[in-house]
Amino acid sequence: MKIRKLLKLTACTLLISGSTMSAYSQGFKDGKIWLNEDGSNYFKFTLVSQIWLRNTDMNPGTTINGYAKDNFTDIGVRRARFQAFGQIADRVFIYSQIGMNNFNYSSDRKAGFFIHDIVGEYEVVRKHLSLGGGLSAWNGLSRFSAPSVGSIMGVDAPLFEQSTNDVTDQFLRKLSIYAKGKLGKLDYRVVMSSPMAVQKSNGYVPTVGTHSSFSAKPAKMQWHGYFQWQFLDQEANTTAYATGTYLGTRRVFNIGAGFQIQPDAMWRAGNNGDTVETNMQHFAVDVYYDAPINATTGTALSAYASYINFNWGRGYIRNQATMNPANGTTRTDILNGSGNGYPSFGTGNLLYGQVGYKFKNNLIGKTTIMPYASLQYAHYDRLKDNMAFWDGGFSWLLKGHTSKLTFAYQSRPIYQVDAATQDAFKIDRKGSFILQYQVFLN
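Numbering (this note's numbering), first residue to last: 52 to 493.
These aren't lab readings, by the way, just hints derived from the structure by calculation.
Beta carbons: idealized from backbone N, C-alpha and C, even for Gly.
Pair ranges (Cβ atoms, derived): (1) S245 / W441: 35 to 41 Å; (2) I420 / P314: 44 to 50 Å; (3) F476 / V143: 53 to 59 Å; (4) R302 / R177: 23 to 29 Å.
Quick list of in silico lysine-lysine cross-link-like pairs, DSSO-like style, CA-CA up to 27 Å: (5) K80 / K450; (6) K271 / K251; (7) K417 / K450; (8) K95 / K83; (9) K231 / K178; (10) K411 / K450; (11) K83 / K233; (12) K178 / K236; (13) K231 / K83; (14) K268 / K251; (15) K477 / K435; (16) K178 / K95; (17) K231 / K95; (18) K271 / K231; (19) K178 / K233; (20) K95 / K450; (21) K80 / K95; (22) K161 / K251; (23) K178 / K83; (24) K80 / K178; (25) K120 / K477; (26) K233 / K95; (27) K417 / K80; (28) K83 / K450.
Could you build all of it, start to finish, from the sequences and the hints given here?
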């Protein structure tokens, strides 16, 4: 009798659950859970995984756990991301993303996923104006200040366009309120952000030195925006993330301009022993082109270029060391620091370009190849020699961005600090070979 009652109760529960679900979910189509009959209200999930196998020629003096290392091979999870988002009601949009970055042999074990984004948004004027807020990737300055990681052309995005990455934000995401929308061919975003405490950033020491650094005082609001004129196909601005390459499925040509300003964000020692506070001010222009060459065969061209004027104050330099395979150095005179670091961020002017060519569809069975190259070239006021970082390789598109294998070689300059002036001059170059496999459920 008890079993019969339990079965009846279970059947009733399933019927009630099914009725409830049918009231909210009208089916599954185009990778979305439809919440109404025409699909204008929906919810969607995505998942991406990027795994690296890498061999790195280490910066001079590099050590791993106290042992000297000139060259090292490692395996790591460059990115793992899970997105959940949707137009859950008329005018109401929600976006969330959890994940982890840069998990390799030296990372803390059992590292948990953390919140990358959590945003709520309301569409005030259809297509023209939406207002939102939260922990958000809606940023100013340039196109790839918020890149769509699943569609990157090479193994990585131009990370220097995420100018305060993990210093006063969380892997480019900021606590922000924003306005965004489209006015004809003009796509725009304007953002006000509350910078995160610089004291929580990795390795921060609150000293006031000759060269500018981030101030330890309570931060003032940061203002930033990005505006682009979309000449050909109109790109979606549903989320903050910009596509790396469409692989020839669209015809896109955009010209953009952006800014990022924060009053009194920086400080340095003055000539009289006083503290000089300066604004952080960055300005950028860029151009993006991605289109098929021959729609029949599937060949395509993708290109992007940007010019950025960075101003963090006199002498500011910050290294970039992606998933650094090292954790120590015996050479304090090497500006790059340990492992694979190089001076990617600095006060001065920067030029960046990337270009890729997609071969015809079904070049190798049902797969094809896309070679690419990129160059970051900068004149920073603390470097006596201009900085050039280049990256080249190809992606084997097993199934577009869904499954692809990318091989790359990256070359970075090595700088030594002049003890007298504290400026730095180039003494060598080092490189890394990277093999990445990406799986992207979109």
